[in-house]
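Please take these sequences and the hints and turn them into a complete structure.
According to my numbering, the residues represented by the sequence shown are 62 to 240, in order.
Note that these hints are calculated values from the structure, not bench results. If you're wondering where the values come from, they're calculated on a predicted model, not measured in any experiment. Heads up, the beta-carbon is just placed ideally off N, CA and C, and yes, glycines get one too.
Distance windows between CB atoms, simulated:
no.	residue 1	residue 2	range
1	75	206	30 to 40 Å
2	188	92	48 to 58 Å
3	132	236	38 to 48 Å
4	181	202	21 to 31 Å
5	89	202	21 to 31 Å
6	127	92	18 to 28 Å
Result set (DMTMM-like, lysine to aspartate or glutamate): computed pairs, CA atoms no more than 20 Å apart in a straight line:
no.	residue 1	residue 2
7	181	209
8	181	224
9	226	188
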Amino acid sequence: GLGYLKQLNVVDHNTNELKPMIMNALHYYDREMKKQFDRMVKTKNENRNPVPFTSAYVYVRSFFMDIPVAAGCDSSFLFFKKTTAAYWNEMHLMQQAMTALALHRFENYSVSQAIMRSLKERALFSDELGVYWKENSGGFYWYAAPIETQALLIEAFSEILNDQKFVEEMKIWLLKNKQ
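Here it is as structure tokens:
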């Protein structure tokens, strides 16, 4: 939503109307993730792989790096950023794209590049379908939506690698599947 619009320079998130709303939303998100973190620590489950919403949290936060994490939530945010980076290879495609984008924005270039290399190696090429991923076949959960996943992968290849030829080939699959 607003993160994309900010990134595209469509809206200025520092306006009197938007900044309080965005800060309240982000700080609410920070506090809710802190509750999740506290539950994990309480049950001694802090080595657990990140669940789908942790990559989404780190991704959302990467759009607003100029807005500090809510008071008392720094350790949980750093934990989720660290574990998301550590377990990216166990995630669904959409989560991998989110993680690569977020880590790239947070200047963790080694992991974001490793994710992008892996994505490129697993990509399939077809004259008719362009570039796509076999595992991008859909599913029950929000992070398994093929069209949204392909769009996020396009964003990652465009922003991180600036590989426009590859991106154009990825758009073929997207257009074929939107027909």
